[in-house]
Each structure stands twice: as structure tokens, then as C-alpha cells.
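Colleague: Starting from the known structure of chain A, fit chain B onto it as the hints suggest.
Chains as they are written, first to last, in my numbering: chain A, 408 to 491; chain B, 408 to 491.
What the hints contain is simulated information worked out from the structure, not anything from laboratory work. Keep in mind that a hint or two might mislead.
Given that identical chains are not distinguished, each listed pair holds provided it fits within a single copy or across any two copies.
[Said to hold, decoys possible] Think about it this way: if two alpha-carbon atoms lie no more than 27 Å apart in a straight line, the pair counts; the simulated DSS-like pairs of lysine-lysine are:
#1 419 / 441
#2 447 / 419
#3 466 / 447
Being a predicted model, the structure only gives us computed values, none of them experimental.
Number of protein chains: 2
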Amino acid sequence: MAQFMDVHTGMKDLTREQLREAHQKDLENERKEKGVHFIKAWADPRSGKVFCLSEGPSKDAVQRVHQASGHAADEIYEVPLTVE
Amino acid sequence: MAQFMDVHTGMKDLTREQLREAHQKDLENERKEKGVHFIKAWADPRSGKVFCLSEGPSKDAVQRVHQASGHAADEIYEVPLTVE
Numbered sequence: 408m409a410q411f412m413d414v415h416t417g418m419k420d421l422t423r424e425q426l427r428e429a430h431q432k433d434l435e436n437e438r439k440e441k442g443v444h445f446i447k448a449w450a451d452p453r454s455g456k457v458f459c460l461s462e463g464p465s466k467d468a469v470q471r472v473h474q475a476s477g478h479a480a481d482e483i484y485e486v487p488l489t490v491e
Numbered sequence: 408m409a410q411f412m413d414v415h416t417g418m419k420d421l422t423r424e425q426l427r428e429a430h431q432k433d434l435e436n437e438r439k440e441k442g443v444h445f446i447k448a449w450a451d452p453r454s455g456k457v458f459c460l461s462e463g464p465s466k467d468a469v470q471r472v473h474q475a476s477g478h479a480a481d482e483i484y485e486v487p488l489t490v491e
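Chain A with its partners taken away, still in its complex shape (with noise of 0.2 Å):
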């Protein structure tokens, strides 16, 4: 599978409560599309921006989780090379 970077924008205020729920809504939702998992989120509440990582068989599967969830991303990589 491979791995998707996605941004959200828009999102200011977010609040912890929401962005677990948000959160919790991709793993009920990712269970339609083979092989999507939603790994890890990281938000920004002041610039209203959210970064998501997950893994996939392709961005269009990815994004279809997020619109099942009603928060479409608005920009979707695909992240091939990772370092730590």
C-alpha cells in the first residue's frame, strides 16, 4: 500500500473533541475501501489547517473515505519516500 499526505484548510477553531471525531468518523469510513487506513492527523487551529496520513491503494480511495466522512481533503500526495 502506500502512504498519502492530505491537507484540509478552512478548519479554524478546531477543537481537540472535534478532530478525534472527525478522526473516529475516517475509521468508520475507511472499512468501504480495501486497504485505506487513516495512521495519524495533526491540526493547526489557528490557520485552520490539517495534515493527514494514511495508507492506500490511491488518492481517489483516500479521498473517498474523507468525502464519506463529510470533510473532503483539499490537496492529496502521495508520499513514496519517508526518513526519520
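Modeller: Positioned in the frame of chain A, the structure of chain B alone reads:
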């Protein structure tokens, strides 16, 4: 320490080795900035986007390390909220 996600653009055709070298430079230069540590980075050589997760005392401190490495970030966001 706060966590930050920063975004670089224009890194098209970046190789795994180049990403590793860039991250290695950050790990060397972070010694100059108390509290800054680059945790992980993800790259999409097709679009030229690179996402770096770091911790540190401020955006400015994180940016100074990237600048010392010769690759200033285009955007830096403090990400106080995380979920997995």
C-alpha cells in the same frame, strides 16, 4: 516543546538519497537551536512537496535550522492537536 508541520515545495524529482541527506543536515544543524528536533519527513517527488514534522520552541527556531541546511520551508504550522 511544541510540534510543527512544515511544507516545502519545488522539490520535484527528489530522490530517497537526497531526502536522507537533507534530513541529515537538519539533524546536524538542529544542535544550534536549543530544543529543535526534526522527527520525520515525507516526500512526494512527483509534485515536489515535502512535509517535515518537528518539535521545538517556535516556528522561527525550526525555520532557522532549515535555513542553516539551505532549504527554508515555504510554510510552517504549529500543530498542537494530534490524533491517531
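Colleague: The structure should be examined with respect to each hint, and the outcome stated for every one.
Modeller: Each hint, compared with the structure:
| no. | hint | result |
| --- | --- | --- |
| 1 | 419 / 441 | neither (31 Å within a copy, 30 Å between copies) |
| 2 | 447 / 419 | both (19 Å within a copy, 25 Å between copies) |
| 3 | 466 / 447 | both (16 Å within a copy, 21 Å between copies) |
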